[in-house]
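Engineer: Here's the letter readout for the chains.
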Amino acid sequence: MLRNYLKMALKVLARRKFFTFISLFGISITLLVLLVATAMLDQIFAPQAPETRGNRTLGIYQVTLRGKDTTFNGFAGYGLLDRIARGLPEELPAVEKISFFTAPATAVSYVGGQKIESSLKRTDGAYWQILDFSFVEGGPFSKEDEANARFVAVINESTRGRFFGNAPAVGRTLEADGQRFRVVGVVRDVPVLRVVAYSEIWVPNSTAKSRTYRKDYLGNFMAVFLARSRADFPQIKAAVDRRFDLAEEHIPDRKTFQTVDGGADTLFEAASRVIFEGGRESRPELLWALFIGLAVLFMILPSVNLVNINLSRILDRASEIGVRKAFGASSRTLVGQFVVENVVLTLLGGAIGLVLAAAVLAGLNASGLIPYADLRLNFRVFFEGLALALFFGLFSGVYPAWKMSRLHPVQALRGRTV
Amino acid sequence: MIHLEQVTKKYRTERVETTALDNINLTVDKGELIAVMGPSGCGKSTLLNLMGLLDEPTGGKIALDGKAVDRYGDRDLARVRNERLGFVFQQFHLVADLSVVDNVEIPLLYRKMSNKERRRAALAALDRVGLASRVHHFPGQLSGGQQQRVAIARAIVGNPSVLLADEPTGNLDSQMGDEIMGILQDLNNEGTTIVMVTHDPRLAERTHRVVRLFDGRQVQ
Amino acid sequence: MMRHLLKLVWNRKRANALIMLEIFFTFLVVFGVGTLGMYLWDNWRRPLGFDWHDVWAVRVNMQGASDDTFTPEQVVTAARLVREVAALDPVEGVAGAMMEPFSFGAMRGSQEINGRRVTMDLNEVTEGFAGVLRAEVVRGRWFQPADAALSWRPAVIDEDLAREAWGGEDPVGKRLDKPDPGSSEPETRVIGVVRDFRHHGELSGPGNFLFYYKHLGDPKHRPPRSLLVRVRPGTPAAFEEELTRRMQGVARDWSFEVQPLEQTRETAFRRTLTPLIVGGIVAFFLLLMVALGLLGVLWQNLLQRTREIGLRRALGASHGEVRRQIVMEQLLITTLGVLLGAIVVVQLPVLDVFGSTLRPEVFTSGLILAMVSMYLLATVCALYPSAMASRVPPAEALRYE
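Residue numbers (our numbering), protein chains in the order written: chain A, -16 to 401; chain B, 729 to 948; chain C, 151 to 551.
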């Protein structure tokens, strides 16, 4: 029975090439947009190498200092983060590791008379233990390296290529922003969208040009905490919040600022904190609401499209339905027929969308529009999108078909008189 | 009036070529009332379509009033179709979303007239075919015979010199068919040349001449 | 003809309603993406209000000093530092500032002026700032050393702030904050207006800026955290070493980080650009999706009318007349959808959803862009299929199934 439906469906779809094409097109492009958008979001938020432990990582990414009429929003200084983190692992064994690192800054180097700009990040030793980089040469620098202010550096493959051709780089010297470093490790390129992991050159914190950075309340540092498990998050967040309150007593410029706000956030929560400014607290629900709102808006269009197309498809075949009914087809058979057609269409459209998305993502990765992008397909989203498409396809197609099939054959045959 | 010389029409699909009309030579004089007859599939509708400039012949020449219309460009063809020809289709082809009077007005839309003049002409044409009481109805609300009459009104609203009718009484009962035939004869008496495709011999009797087709060729 | 078309469109309202709905949603998407694009482009092309070329930023870290506690010695040293740097040959000017342009992090303030709450970005700068960064004073004057002796606090605002707080009035001399009889704080008065100052760079949105005066050598003012040094064009990077050496000579335990503003700008740029590119890519495919979806629906809709088109041709319509009719009908339906969309969209400025971020020019051009695009899209989607449909000989078209 099903095979008959299937054969019929394929024949019908082949006959009505234009409608088939349009429906396939609509479904595949919708899924394409969905998959591309999700791939981007995944690359920003989802745990992917080197942030393989992203699932159990919290971070302090931004802080806000508030005064009577003044607000400061920006990166925290080492001093503030140090105050927050001091004693935290002892208080909460759930905090396995803590790392302080800077936001990437542009560093200038001159190689053979040519000026090269690279992203440079300063980190401590724990950074390399929380993140999971892929080393193609050598290894990371350690806590001892950092404590002793050794001028060592880890670079990514592309930087190695730019500075040393493709020869092994470990042991060689690299100059950036006037400082000279010895390369100790080379890692695979990291996508620029990964806030915590991204850079092209990594060097120890202690090589900073400023000698007072360890006391600064404001600077360009961020902190991440590796928790034992997600279940420990609420505990850690609460502890960090408490410490932020305590930190207020030590704000250097108390005349201008009286409160300091921040918290241990997941990347998503941090984004909501930044977007829905105020920075006072993270409002992930708002960000979710925004995304879902946009997604719904985005989904309305192809749905209306599908409904339009399906409606005309049905009307067009009014006479065919009438004839079939006249020859004894039951409503159920007719509806079943359309269901199979819609399912076939949706699955085909989905497959095309998937292929298109794979191609587009590969193209994006290669184009360099987003440096070092490594966008990947998210199959969970694909299946969810497909399910949604199926739902809309069925809803928009079956309902009119069912109504039409309940008409007397004569009425259906009449159809429209043109 | 209408002159067909060695006219051929072939249809080609992917695999098969069908000859619908083969070497037709035919002249229709002004004021004639002609019936085209033949079994189904013999090409009579195709012949009518060619005469009505709805299709192009594959070979041969067609002349209307001495002018070789098969060479005409789109603009000229449109003008001829609009001003000199009136076509009544077998399937009526009324626009379902327009009222009867709006349907009849359509040919006049492509002429420079005021809205009032158009309305007047349309109502007059509908009156002629006896549908004055149904002007604001929609085709879906009319019987087959009434729809046919609307189609005829639409065909005559522009005062064409030639009226081409494809099975004008095909969907009607005998009484209705007689009435329609009567209208056509009246029109012919007033000077309209009429070419009619029919399979009804009784109607054919009331015409001046019968052209018979078989398998795309003229027979006698 | 118009009456006929209106009747047609009206009689087919049910079928047309769905198309109209699709046009409505498509319009919303096009408007959203278009206005965002216009917003970014508008930001990009507005002048920065300052010139960063050949300006180097020096981050000054006074050992041991935090924001609150600084010593009179440090104040003196800072003043000496600036004098010495200014005396160097390639240096054309030196200024001190709390924050350098393009730096991440923002200092914001809010004041109640004339009964409304106005927010602005803040910076504390020395009298050399306007010269070094080439910020143009359009009204009143910039800071000068004599201002240190004033009993009230001088401030320089930018045009955006002047416009928002005082409209067309001359703000020079006006009071910035609300009078608070109980407070011992001096009042703040505007002494001058500069062109719109866009501290955060070309990609930042509209905003207000306010400068306070930092007097070098005044023990009440914290020494600047950043020095902005304008060097002669063509000064080689090697001068950085010399500069650092000289500064180190003046303040032995302090540390300095020199970075040309060009680099700071680059960092800021990369930071902001990446999410924009991501958004841009998604937006591109989104637009593609809606445009092609609409095309599909309209095309298919037209195909269904092949018979009607054939009929009209049979009755004497030329290609051109048929095309015109189809396009006109399409434009009628589009107008309905666009109108509905415009009504919805106009609520944004009416309800002040985006406040001053959405300038009226940006909104209007976004709206017009969306409308024009929709009409263009609709026309193209109607033209091509109708041209195709009308090429079929009427007899064939009438047989279309």
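Careful, some of the hints might be misleading.
The calculated lysine-lysine pairs, modelled on BS3-like cross-linking and capped at a C-alpha distance of 25 Å, are [what the hints assert, rightly or not]:
{"#": "1", "chain 1": "C", "residue 1": "K328", "chain 2": "C", "residue 2": "K370"}
{"#": "2", "chain 1": "A", "residue 1": "K220", "chain 2": "A", "residue 2": "K98"}
{"#": "3", "chain 1": "A", "residue 1": "K192", "chain 2": "A", "residue 2": "K126"}
{"#": "4", "chain 1": "B", "residue 1": "K789", "chain 2": "B", "residue 2": "K758"}
{"#": "5", "chain 1": "A", "residue 1": "K0", "chain 2": "A", "residue 2": "K80"}
{"#": "6", "chain 1": "A", "residue 1": "K(-10)", "chain 2": "A", "residue 2": "K0"}
{"#": "7", "chain 1": "A", "residue 1": "K238", "chain 2": "A", "residue 2": "K198"}
{"#": "8", "chain 1": "A", "residue 1": "K51", "chain 2": "C", "residue 2": "K324"}
{"#": "9", "chain 1": "A", "residue 1": "K220", "chain 2": "A", "residue 2": "K80"}
{"#": "10", "chain 1": "A", "residue 1": "K198", "chain 2": "C", "residue 2": "K328"}
{"#": "11", "chain 1": "A", "residue 1": "K51", "chain 2": "C", "residue 2": "K328"}
{"#": "12", "chain 1": "B", "residue 1": "K844", "chain 2": "B", "residue 2": "K795"}
{"#": "13", "chain 1": "A", "residue 1": "K238", "chain 2": "C", "residue 2": "K370"}
{"#": "14", "chain 1": "A", "residue 1": "K51", "chain 2": "A", "residue 2": "K238"}
{"#": "15", "chain 1": "A", "residue 1": "K51", "chain 2": "A", "residue 2": "K126"}
{"#": "16", "chain 1": "C", "residue 1": "K328", "chain 2": "A", "residue 2": "K238"}
{"#": "17", "chain 1": "B", "residue 1": "K789", "chain 2": "B", "residue 2": "K844"}
{"#": "18", "chain 1": "A", "residue 1": "K80", "chain 2": "A", "residue 2": "K126"}
{"#": "19", "chain 1": "A", "residue 1": "K51", "chain 2": "C", "residue 2": "K370"}
{"#": "20", "chain 1": "A", "residue 1": "K220", "chain 2": "A", "residue 2": "K198"}
{"#": "21", "chain 1": "B", "residue 1": "K840", "chain 2": "C", "residue 2": "K157"}
{"#": "22", "chain 1": "B", "residue 1": "K844", "chain 2": "C", "residue 2": "K157"}
{"#": "23", "chain 1": "B", "residue 1": "K789", "chain 2": "B", "residue 2": "K738"}
These are computed hints drawn from the structure, not numbers from a lab.
Engineer: Work down the list of hints and note, for each, if the structure agrees.
Structural biologist: Hints, one by one, checked against the model:
Distance hint between C:K328 and C:K370 is fulfilled; the C-alpha atoms sit about 23 Å from each other, no more than 25 Å. Distance check on the hinted pair: A:K220 and A:K98 sit about 44 Å apart at the alpha-carbon level, beyond 25 Å; violated. Proposed proximity of A:K192 and A:K126 is supported: the alpha carbons are some 19 Å apart, at most 25 Å. The suggested pairing of B:K789 with B:K758 holds, with an alpha-carbon distance near 19 Å, which does not exceed 25 Å.
Only pairs whose Cα atoms come within 25 Å are accepted, and A:K0 paired with A:K80 is rejected, the gap being roughly 60 Å. Pair hint A:K(-10) plus A:K0 holds up; C-alpha atoms about 16 Å apart against a cutoff of 25 Å. Between A:K238 and A:K198 the CA atoms are separated by roughly 19 Å; this keeps the pair inside 25 Å, and the hint holds. With a C-alpha separation of about 21 Å, the suggested pairing of A:K51 with C:K324 holds against the 25 Å cut-off.
A distance of roughly 15 Å separates the Cα atoms of A:K220 and A:K80; the hinted pair therefore holds under the 25 Å criterion. For the proposed pair A:K198 and C:K328, the alpha carbon gap of about 36 Å is over 25 Å, so the pair is violated. With a C-alpha separation of about 13 Å, the suggested pairing of A:K51 with C:K328 holds against the 25 Å cut-off. With a C-alpha separation of about 33 Å, the suggested pairing of B:K844 with B:K795 is violated against the 25 Å cut-off.
Straight-line distance between C-alpha atoms of A:K238 and C:K370 comes to about 13 Å, which keeps the hinted pair within the 25 Å bound. Simply put, A:K51 and A:K238 have alpha-carbon atoms about 9 Å apart, close enough for the 25 Å limit, and the pair holds. Between A:K51 and A:K126 the CA atoms are separated by roughly 41 Å; this puts the pair beyond 25 Å, and the hint is violated. Straight-line distance between C-alpha atoms of C:K328 and A:K238 comes to about 18 Å, which keeps the hinted pair within the 25 Å bound.
Between the alpha carbons of B:K789 and B:K844 the distance comes to roughly 40 Å, so the proposed pair goes past 25 Å and is violated. The hinted pair formed by A:K80 and A:K126 meets the criterion: a straight-line CA distance of about 12 Å does not exceed 25 Å. Annotation: proposed proximity of A:K51 to C:K370 holds, straight-line Cα distance about 20 Å (limit 25 Å). This hinted pair checks out: A:K220 and A:K198 have alpha carbons roughly 24 Å apart, not beyond 25 Å.
Proposed proximity of B:K840 and C:K157 is supported: the alpha carbons are some 19 Å apart, at most 25 Å. Restraint check for B:K844 and C:K157: the C-alpha separation of about 16 Å stays at or below 25 Å, so the hint holds. Of the pairs offered as hints, the one joining B:K789 and B:K738 holds, with about 15 Å between alpha carbons and a cut-off of 25 Å not exceeded.
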